[in-house]
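Construct all of the structure, not just a fragment, from the sequences and the given hints.
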Amino acid sequence: MENIRKGKKTATTNSKLLDIFSREEINLNNKVADLLKRSSGALLLRLMC
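So in our numbering, spot 28 of the sequence shown is number 28, and the numbers just go up one at a time.
If you're looking for bench data, these hints aren't it; they were derived computationally from the structure. A few of these clues could be false.
Restraint ranges, calculated between C-beta atoms of paired labels, are given here [as the list claims (entries may be wrong)]: (1) Ala42 <-> Lys6: 37 to 43 Å; (2) Leu44 <-> Ile4: 56 to 62 Å; (3) Arg5 <-> Lys37: 36 to 42 Å; (4) Lys8 <-> Ala42: 38 to 44 Å; (5) Arg5 <-> Asn27: 30 to 36 Å; (6) Asn27 <-> Ile4: 33 to 39 Å; (7) Thr10 <-> Ala42: 55 to 61 Å; (8) Arg38 <-> Leu18: 41 to 47 Å.
Idealized CB from N, CA, C, for every residue including glycine.
This is how it looks when you write it as C-alpha cells:
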C-alpha cells in the first residue's frame with residue numbers, strides 16, 4: 001500500500017517538474033527570440049548608417 005502512495009507522489013512531482021521545465025523552456029525561447037530581434041535590429045541600423 002505504501003509503495004502505491006509513493007508512486008503516485010513521484011508521478012505528481014515529475015509532472016510538476018515537467019510543467020515547470022516546459023514553462024522555463026518557453027521563457028528561454030522567448031528571450032532568445034527577443035535577443036535575436038534586438039540584435040538583428042541593431043545590425044540593420046549599423047548597416048544603414
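Here is what the structure says about each hint:
no., hint, verdict
1, Ala42 <-> Lys6: 37 to 43 Å, "violated, 53 Å"
2, Leu44 <-> Ile4: 56 to 62 Å, "holds, 60 Å"
3, Arg5 <-> Lys37: 36 to 42 Å, "violated, 48 Å"
4, Lys8 <-> Ala42: 38 to 44 Å, "violated, 51 Å"
5, Arg5 <-> Asn27: 30 to 36 Å, "holds, 33 Å"
6, Asn27 <-> Ile4: 33 to 39 Å, "holds, 35 Å"
7, Thr10 <-> Ala42: 55 to 61 Å, "violated, 47 Å"
8, Arg38 <-> Leu18: 41 to 47 Å, "violated, 30 Å"
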